[in-house]
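Here is what each chain is made of, one letter per residue.
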Amino acid sequence: MYAYDEIDRTLINERVSEFRDQVKRRLSGELTEDEFKSLRLMNGVYLQLHAYMFRVAIPYGTLSSEQMRRLAHVARRYDRGYGHFTTRQNIQFNWIKLAELPDALADLAEVGIHAMQTSGNCTRNITADQWAGVAPGEIEDPRIWAELLRQYSTLHPEFSFLPRKFKFAITASQHDRAAIKVHDIGLRLHRNAAGETGFEVLVGGGLGRTPFIGKTIKSFVPGRDLLSYVEAILRVYNQYGRRDNIYKARIKILVHELGIEKFASEVEHEWLQMRDSALTLDDDVVEDIRSRFTYPAYEKLPHMPEELKQAAHDPHFEAWRTNSVAPHKVPGYAIVTLSLKPVGGPPGDATADQMDAIADLADKYSFGEIRVGHEQNLALPHVARRDLPALWRALDKIGVATPNINLVTDIIACPGLDYCALANARSIPIAQELTRRFANHDTANLIGRLHVNISGCINACGHHHVGHIGILGVEKNGEEFYQITIGGRADENAEVGTLIGPAVAYGEVADVVEDIVEAYLALRARPDELFIDAVKRLGVEPFRERVYATR
Amino acid sequence: MTSPLQQKIKITGPSMVTANRTWDGVVIYRTASKGWSTDLSEAAIVRTADDARALLAESVADDVGAVGAYIAPVQIRDGGAIKPGNLREKIRSQGVTIELPVPA
Chain A
1 MYAYDEIDRT LINERVSEFR DQVKRRLSGE LTEDEFKSLR LMNGVYLQLH
51 AYMFRVAIPY GTLSSEQMRR LAHVARRYDR GYGHFTTRQN IQFNWIKLAE
101 LPDALADLAE VGIHAMQTSG NCTRNITADQ WAGVAPGEIE DPRIWAELLR
151 QYSTLHPEFS FLPRKFKFAI TASQHDRAAI KVHDIGLRLH RNAAGETGFE
201 VLVGGGLGRT PFIGKTIKSF VPGRDLLSYV EAILRVYNQY GRRDNIYKAR
251 IKILVHELGI EKFASEVEHE WLQMRDSALT LDDDVVEDIR SRFTYPAYEK
301 LPHMPEELKQ AAHDPHFEAW RTNSVAPHKV PGYAIVTLSL KPVGGPPGDA
351 TADQMDAIAD LADKYSFGEI RVGHEQNLAL PHVARRDLPA LWRALDKIGV
401 ATPNINLVTD IIACPGLDYC ALANARSIPI AQELTRRFAN HDTANLIGRL
451 HVNISGCINA CGHHHVGHIG ILGVEKNGEE FYQITIGGRA DENAEVGTLI
501 GPAVAYGEVA DVVEDIVEAY LALRARPDEL FIDAVKRLGV EPFRERVYAT
551 R
Chain B
1 MTSPLQQKIK ITGPSMVTAN RTWDGVVIYR TASKGWSTDL SEAAIVRTAD
51 DARALLAESV ADDVGAVGAY IAPVQIRDGG AIKPGNLREK IRSQGVTIEL
101 PVPA
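Protein chains in written order, with this note's numbering: chain A, 1 to 551; chain B, 1 to 104.
Source of the hints: derived by calculation from the structure; they are not laboratory data. The structure presented is a predicted model; accordingly, all values stated were derived computationally and were not measured. Some hints could be false.
Said to hold, decoys possible - Straight-line C-alpha distance at most 27 angstroms; calculated BS3-like pairs for lysine-lysine:
#1 K309(A) - K329(A)
#2 K10(B) - K83(B)
#3 K165(A) - K300(A)
#4 K309(A) - K364(A)
#5 K10(B) - K97(A)
#6 K248(A) - K165(A)
#7 K83(B) - K218(A)
#8 K248(A) - K215(A)
#9 K309(A) - K215(A)
#10 K8(B) - K476(A)
#11 K8(B) - K90(B)
#12 K24(A) - K90(B)
#13 K8(B) - K34(B)
#14 K83(B) - K34(B)
#15 K167(A) - K218(A)
#16 K8(B) - K83(B)
#17 K10(B) - K476(A)
#18 K476(A) - K83(B)
#19 K24(A) - K97(A)
#20 K262(A) - K215(A)
#21 K329(A) - K364(A)
#22 K536(A) - K215(A)
#23 K90(B) - K97(A)
#24 K300(A) - K215(A)
#25 K37(A) - K34(B)
#26 K83(B) - K37(A)
#27 K34(B) - K10(B)
#28 K476(A) - K90(B)
#29 K167(A) - K37(A)
#30 K218(A) - K248(A)
#31 K248(A) - K8(B)
#32 K218(A) - K165(A)
#33 K37(A) - K97(A)
Said to hold, decoys possible - Reference listing, derived: stretches of chain B covered by chain A, where coverage requires no fewer than 3 residues with Cβ under 8 angstroms from a Cβ of chain A:
#34 19 to 26
#35 39 to 52
#36 58 to 71
Backbone N, C-alpha and C fix where the C-beta goes; we use that ideal spot for every residue, glycine too.
Full structure from sequences and hints, please.
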């Protein structure tokens, strides 16, 4: 966990007072909606179909149990008893009243949580690998650098009015769980040939209306130069990014239009002028941030304790352990993913009661720490393997032990037309129907790793472009239709999926997904050839034929 | 952003003006008595672009009470019942189409 200092606490508290005054002036009519809109957006407050929506940042996906309890409190006191974890490691409350928002913000501020820069044309919440700091083989904890970027970018005067929003993601593992290639800037911490630690910097990735996979702009930037280099990128973007057309305003369009070589040379030119400036990170600055991250006092524990051996006889436990428990960098410990994708449930939602229970379990079994992943699941990052059976029983009781992580029912979905003012079609009922169709765990296991991502509009909050199967809701003559893509992926080999054919009606989507899955099972070269690999080998055509032959 | 009043207004059937209530965001409908109601059946119905523009203008003028006013289609059933004219308005009027994680 990172411990905020006095500056952070003061900043957050001052922000609450400022917003309280702004809300008061809005409700009295002193501020018009036109004047107020940008102010509320800067505090994560959107207007959705039925109500205001409040988006709270969870920097680099790390929460303490105390913070989780406070989120539960906000859900219960100011909302309708639940929250929605998003694909950018935020949580959203869907029914909050504007008049009560300052109180909700104040309650969150007491535990160091805020909603700054969860909206608007600024640097958004810095996201990271949800297994940061505990994944085996990691170069180092990337959250140290994420926190540096958070401090650097928070209320940065030069970058508070960018042409469009700007998203960073960071990982320090070879396997990318943070989807860095579909962010405006993706950072991969690695070692160069000389054994020095630094960053591969990717730029211009993004989804939405015009999806692009990020391109490497520099293969190695030493840590000391990280801030100056990203500032050079932001400056070039701020100067040349298009402000005349919202659909062409993201950095990905600029990188595409200039070409990566030209863009890189502009950045290099800018960087050379400021490389050795106040932005250069001295070791002691980085060490200071590093020292504010606290890590558990791990015990020396056996890899295969007696409790685990005994529980292995229970097939339900084994199904869960095999699916949801991952290796930890410390022997005797494990990373446990909590599925927020129960059969028939809205993906990513957690009730206040679940949040409280998870906070208690984090205290009991994970040194009080919880992680949020962009796949809309949670994780307990420091669980002793001997505690896995007891933890599983407790998680099962509160409905977050569905053993479906990375399987067909572990669906990423945006709120869609049930909540969102931008959506053209519903996402959640499609996800719910798919989880019912594939509810049988043996079937889902037989299918293997398969990511289904659903967005209710082209803005792609459900990351449909990079789903192994992507589903995009569109509107045709007042009816909901869905375009289906296959072959997308968000990891280190990120690709944008390919459209398989004409959009299908709402009632046909689950049938189409079943057809695609059946085609895959029939065509895969061997049982362990993953869906995504089979699509790569076979191309789209066999799946297209299967889906449209009878339609 | 273009003001709703500057946007081209084109209606193809009976329409109403809807918005969200400023203090709590609840869905509201402009009534014939120049007020707001949370009940669609009390919405003022317009059938021409000029009437729609006028209704929208008076709605937008209430910047303190309502936010994001716009014109939306409705269906008038036999007997005069007013129903939402599309799925979006149906969801705004009747609520989400899914069971909420915590029953209301």
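* Asked: Taking each numbered hint in turn, which are not upheld by the structure, reported in ascending numerical order?
  -> 3, 5, 7, 9, 12, 24, 26, 35
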